[in-house]
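Q: Chains G and B supply the protein sequences, listed in that same order.
Residue 166 in our numbering sits at position 166 of the first sequence, with consecutive numbering throughout.
Residue 1002 in our numbering sits at position 2 of the second sequence, with consecutive numbering throughout.
Incorrect hints may appear among the rest.
[As the list claims (entries may be wrong)] Subject to a maximum C-alpha distance of 27 Å in a straight line, what follows is the list of computed BS3-like cross-link-like pairs (lysine-lysine):
{"#": "1", "chain 1": "B", "residue 1": "K1266", "chain 2": "G", "residue 2": "K8"}
{"#": "2", "chain 1": "B", "residue 1": "K1279", "chain 2": "G", "residue 2": "K136"}
{"#": "3", "chain 1": "B", "residue 1": "K1234", "chain 2": "G", "residue 2": "K442"}
{"#": "4", "chain 1": "G", "residue 1": "K416", "chain 2": "B", "residue 2": "K1266"}
If you are wondering where the hints come from, they were derived from the structure by calculation, not from laboratory data.
A quick note: this is a predicted structure, and the numbers were derived from the prediction, not measured.
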Amino acid sequence: MPFLLNIKKWFRRAKASAEVQATEIENRLRDTSDRPPEQELPKALMRKLNQAIHDLPSHPAHQAVIQDALEAAISHWHQVAEAPNSLVVLGSSVEPLAQLIHESLEDWQHPNLKQIQLLQWSTRPPDPADLSDRLKSEIEHLFQSKRQPFEEQPSEDLSPEELAALEAEIPEELQALIVIPALDWCFLRCINGLEGIEYLQNLVLRDRSQFWLIGCNHWAWRYLDHVCQISAYFEQTLSLPALNSLELKQWLSPVETDLDVQSQQSEDEPSPEKSPDAASNTDQDWAEHPEDWASQSEKQYFDTLARYSLGIGSVAAEAWVRSLSHQTPEVQSDQADDEAEHVSPQVEPSGKKKADPDAVGEVTGQVFRQRVLLPSLPSLNSEDRYILFSLLLHGEMSLAHLALSLGEDESTIRLKVQVLKRADVIELHQGRLKVNPVFYPKLRADLDGNNFLVGAEY
Amino acid sequence: MLEASWLDWKHKFWLFLPSQLLQIAEEAQQETRELLTEITLWKVVRAIVALAIAYGAISASDLLVNWLSEWVPRQFRLIIKQSLPLARAFILLCAISFLLNLFLNLSDANLLAVTGTVAVALGFAFKDYVSSVIAGFIALFEVPYQVGDRIAIADHYGEVVSYGLRSIRLRTPSDNIVTIPHNKIWTDAVSNANKGALEAQIVTDFFFAHNVDIERVMRILYRVAQTSKYTQLKHPIVVIMEEKPWGTQFRLKAYPMDARDEFIYKTDLIRRAKQAFRKWEVEYPDVFGTWENSSPSG
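Looking at chain G on its own, in the form it has when it is part of the complex (with noise of 0.2 Å):
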């Protein structure tokens, strides 16, 4: 019964907040005295860390995952005459699909297929009633530079037998994958913003000579499932599997490696978790596999790191982040000394970097691995859950596409997202809002539990 299954959900989530509560006060009763000790990281280290973060390179077991689907899919495409001529490619709203794609196609061929185009948007189009022309202006530039030497009128003014016959006298090198990385850059959530998505299901279904690579968030698949019933036009769907806590480890040994990074020392170490479930998984996975573990205490800090983030890189990396501390070699007696400068893990927003003196050089001492801790969300009320259901719906937007999404004027929302950004959970990048991913966990239950259309991925 569906009553039955939320009470089980809710209390599943209750169950892990009240784990995490328990580390936070277990953390703070632990004695520390017999070590020097620790602070948080120092802004030269910090800012260090989120470049290396950002400069990461999406994950190779997503990359491979997409390009084996990708084959298999156009494998099929090139055999069967009825098989769907796309493949969407699900994945979480704070991670960078966008990039993973690119990144999947780089070195990535098919013997079936002599071009790849992708669209050439970073973002979303400043004016959403200018969206849908820009998009099919976009794409009938792809398809021009494509069929040249066939070309004498757009493909939209064909009947369909006449596009069939088109079809027919073009070569198969001239098949062609037409990717386009973010789907969510081609609708906006207002009257005129859903133009872009009727164009492009027309046409997928109109022109069945290319084959279409979408890249797409949960949150806005379910959503344009549900007003535009766009799975029946985009039949096969890929949704990227959860990272496990090896794949995470190697992720991000390279920066690991380049700060060296340290785990607890052993009589620290805090003591395996209380669920049943991980302490066995743990133990048999450890018992199993140890070569790929420097310490048991290490296997279980990315298992936690893993189950926190729910398998996402990009809440995984900021967990991670502030999962680390700083220790000196000396002692300092005195730790709220005014020099020690507290630092904030987050992106600082562009344009409000400040000149730090004391930032510039070497960093020394240790950098220690503590317990995984995601934060608690602020306070929020019905207009906060609003404003972060639509940044998640849209990936990342501007304030005016925000205020537009909500129906509201910018000047009535600039105020709730200055607290949001504030309280750290919503982050300024490059003068596009998005929500920070080291909050989307809780964020996700928290607005679920409210009643919105999350995204279905778990």
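Since chain G is already given, all that's left is putting chain B on it; use the hints.
A: Using the frame of chain G, we list chain B on its own:
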């Protein structure tokens, strides 16, 4: 002779009557003593304390349930609020049982005497009150309304915020609290908009001229509902039409995520729809022109 015997009989009767009455009164007093237990000061104190505890428990359960219902995620709010009447009924039952046991000897005969007497005496005085209490008890099982429901009963519409022993309280859209006795369900129809669910259908009416572009209007209305931040997309959105002599009526039926947002949702739909209608120059009905054309002098 005859007169003497009559006088004698009268004398005996008047002597006999008081003694009989006295005997009846003594028997009744004895029965009463057997029905009531000995009333001591300690019993009175205990009764007062029991009443105070019952009152405190009811107030505490009100506060706890209201706080808990606002603290948990929205989807559990109504479930928690709906447990309040049951908690109140349980506390009152315990208190009344304790008091009855304290002051009465509840043997079979006594119980019969007590209930019979009390029922007759109070029945007429509290007829409507009892009717409301019984209706409230029946309503717990029949469930015409629950706490959190948006109902229309008699001339009042609002959200049920309290479910008492005798009555419910509605908070109207203008933030008034209306108290409605339960016995209204015997005679009046109760229209329930959400029946325990978080969402309730909202119907928004739009009126246009007869020659309006129907397809465009319907498309705009669907998009307005689909792109509203309040809309619950798990429920269907429907636009229906109806012809009027002076124009065409369109009814947009959709659900907000929270029934409490009913009026702000409707405002959002109308505001955004009118922006789109203005942009497309959609025509509204010319009601006064129609009246002038159809008037006898015209």
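Q: Decide, hint by hint, whether the structure agrees.
A: Verification of the hints:
Proposed proximity of B/K1266 and G/K8 is contradicted: the alpha carbons are some 34 Å apart, above 27 Å. A distance of roughly 23 Å separates the Cα atoms of B/K1279 and G/K136; the hinted pair therefore holds under the 27 Å criterion. Distance hint between B/K1234 and G/K442 is fulfilled; the C-alpha atoms sit about 22 Å from each other, no more than 27 Å. Only pairs whose Cα atoms come within 27 Å are accepted, and G/K416 paired with B/K1266 is accepted, the gap being roughly 23 Å.
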